[in-house]
Amino acid sequence: MKKFGTLAASAALLMAGAAAAEDVKVGMITTLSGGGAGLGIDVRDGFMLAIEQSGVDNIEVIIEDDQRKPELAVQLADRMIQSERVDVMTGIIWSNLAMAVVPSATAQGVVYLSPNAGPSALAGRGCHENYYNVAWQNDNLHEAAGAHANGSGYTNSFILAPNYPAGHDALSGYKRYYEGETAGEIYTQLGQTDYAAEIAQIRASGADSVYFFLPGGMGIAFLKQLADSGVDLPVVGPAFSFDQGILQAVGDAALGVHNTSQWSPDLDNAANADFTASFEAEYGRRPSLYASQGFDTANLLLSAIAAADVNDADAFRTALEAADFDSVRGDFEFGPNHHPIQDIYVREVIQDGDIFTNRIIGTALTDRADAYAAECQM
Amino acid sequence: MTMVLLIEQILNGLQLGVMLFLMSAGLTLVFGVMGLINLAHGSLYMVGAFACAAVATATGSFFLGLLASLAAAAAAGAIVEMTVIRRLYARDHLDQVLATFALILVFSEGTRWMFGSFPLFLDVPDLLSGPISLPGGIQYPLYRLAIIVVGLCVAAGLFWLIAKTRLGIRIRAGESDRDMIAALGVDISRLYTIVFALGAALAGLAGALVGAIQSVQVGMGEPVLILAFVVIVIGGIGSIKGALIGALLVGLTDTLGRALLPTVFGYFMDPINATTVGASLASMLIYILMAGVLLWRPSGLFKVA
Chain U
1 MKKFGTLAAS AALLMAGAAA AEDVKVGMIT TLSGGGAGLG IDVRDGFMLA IEQSGVDNIE
61 VIIEDDQRKP ELAVQLADRM IQSERVDVMT GIIWSNLAMA VVPSATAQGV VYLSPNAGPS
121 ALAGRGCHEN YYNVAWQNDN LHEAAGAHAN GSGYTNSFIL APNYPAGHDA LSGYKRYYEG
181 ETAGEIYTQL GQTDYAAEIA QIRASGADSV YFFLPGGMGI AFLKQLADSG VDLPVVGPAF
241 SFDQGILQAV GDAALGVHNT SQWSPDLDNA ANADFTASFE AEYGRRPSLY ASQGFDTANL
301 LLSAIAAADV NDADAFRTAL EAADFDSVRG DFEFGPNHHP IQDIYVREVI QDGDIFTNRI
361 IGTALTDRAD AYAAECQM
Chain X
1001 MTMVLLIEQI LNGLQLGVML FLMSAGLTLV FGVMGLINLA HGSLYMVGAF ACAAVATATG
1061 SFFLGLLASL AAAAAAGAIV EMTVIRRLYA RDHLDQVLAT FALILVFSEG TRWMFGSFPL
1121 FLDVPDLLSG PISLPGGIQY PLYRLAIIVV GLCVAAGLFW LIAKTRLGIR IRAGESDRDM
1181 IAALGVDISR LYTIVFALGA ALAGLAGALV GAIQSVQVGM GEPVLILAFV VIVIGGIGSI
1241 KGALIGALLV GLTDTLGRAL LPTVFGYFMD PINATTVGAS LASMLIYILM AGVLLWRPSG
1301 LFKVA
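For the protein sequence lines, the chains are U and X, in the order given.
The working numbering applies: residue 1 is where the first sequence begins, and numbers increase by one.
The working numbering applies: residue 1001 is where the second sequence begins, and numbers increase by one.
Treat the hints with care, since some could be wrong.
To be verified - Within a straight-line C-alpha distance of at most 20 Å, the following computed SDA-like cross-link-like pairs (lysine to any residue) qualify:
#1 Lys1241/X / Leu1227/X
#2 Lys69/U / Lys1241/X
#3 Lys175/U / Ser1299/X
#4 Lys1303/X / Ile1162/X
#5 Lys69/U / Ile1162/X
Since the hints were made in silico from the structure, they are not lab data.
Please model the complete structure; the sequences and the hints are all you need to start from.
Written out as structure tokens, the structure is:
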């Protein structure tokens, strides 16, 4: 990789006029301020760590903050595509923002690599040859949680998620694998911070377990309030409410909770060991799953740039489809709709010294693709 | 829906209302007395929460944290009033909105610079943690009851302050005729600083109280600020009584709407649509309430003359 970068750089120097064409311009739109900032910052830091480690110097990354606002994300995307002329875009965290930006970007010939959001609409009929999801289809971790709930013997779950595309994907994903009854089903507001009304309903519902998808600060609030309410039910969730960035703020309330993830800091492979050590050395904190996704996204991009010219769209897409990079998840390949086929694990929240973190306790789904691949016509 | 659940939801609504009152009391006073629209009020709420989290983590005492939140928010309020806000009284509302919006950005990035982008830890103190049993077999978190009590005490204190003290008389005089009380020899700029710091301290207290059961993070104030504006518009701008009634109305409407609407829609829709439609309508409910109140009383429930 390093060698290629140097080669490309010297080739660029030789062909002075064509130098600009050799560069790959990457536009990253992500959430760097406001309530969801921790997620975007982790994706950015993971991504930039991989770029830095590769030593490749012909990649220019333009980073912009979407403040979790769809209208702002659309403006930024238009500017990146039309005036900055980016080749590749990435970075969006939230599915509602992805739905606002991705279809128009891919239609204009820009390759979009999703480091997080994986709405079902983009995996099925709305799939596109220029859209690659490096993280997961939204339903995946929830499907794994449904499978895990069966394995744990839960038969009457109370389920809740925010009222936005990923929230709907979450609950339908959970119900796809979960075989028991649902004691109740609630959609909350995106960004809601008080869950007293919902917790009262959980208490009254007679459920034997709670499944919730509330990423970022919403999950912190929910877990603290649930713990304080005296509702003593086992909780299952996807990794989004138990990631490294928020566990310290939740504290004891999360200890021992089972959550599902495609990645964990203790996953045993060389790429992951290097990643976790170098991330902590670079940024002084432990990586979250979002950081791992940003890191994988950059490595996928680097592998494709090394194999093909970004201006040769067909060759570049073939190189991306090959996914010829060392993922921190171990095995990684794309399905026919450019979404990952991967194992999804069950993790447990533990305390490691002063720091709350996760460790793997089992595998929920093996080589899981997604439920929408068959609907995709590329 | 059972009686126990309904009562629990009403308590939840009261708690949200009381918290909103702490936020909107300062906002409505500042608007009533100084004629200033202060978008940065949510930032003072955030300052309170961060001060409480930092001090509680350093000392191990939540109650010291609460004191710190009052002090930090009041100090931040007083400094902002003396350096920035003071220049805005004579300007029109658009300039005030612009300048105080800039203050939001300054506060947010300043906080991020000091504390980082990740949420801070702040937990309910052991003394107030866990649920208690109320008559009728209701299990309710003690901490939320404590918030209701604190909020009602603050409301009572504010009414006393406004009605019975010299400061209160000046505040009321300032609301009715700014120029006249200045002409009568009251140090108006000191009065403004005090009112602003008082409002800031209440917002900081709300942030600290709520921070313990939510997440203490940058940008936590803005969603609450929007609700607080709804409250003061419903209650009538400048009226503390209006803020209290408006806050309780908004708190109860929001909580009960979230709890009841999906069930109500479930009677004549299939469950999946009922939860989605119910949740969407519940999130609009307070704005519908506001529109209704404004149709009926265009200047709010308790408009100060």
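Which earlier hints turn out false for this structure, listed by number in ascending order?
Violated hints: 2, 3 and 5; rest satisfied.
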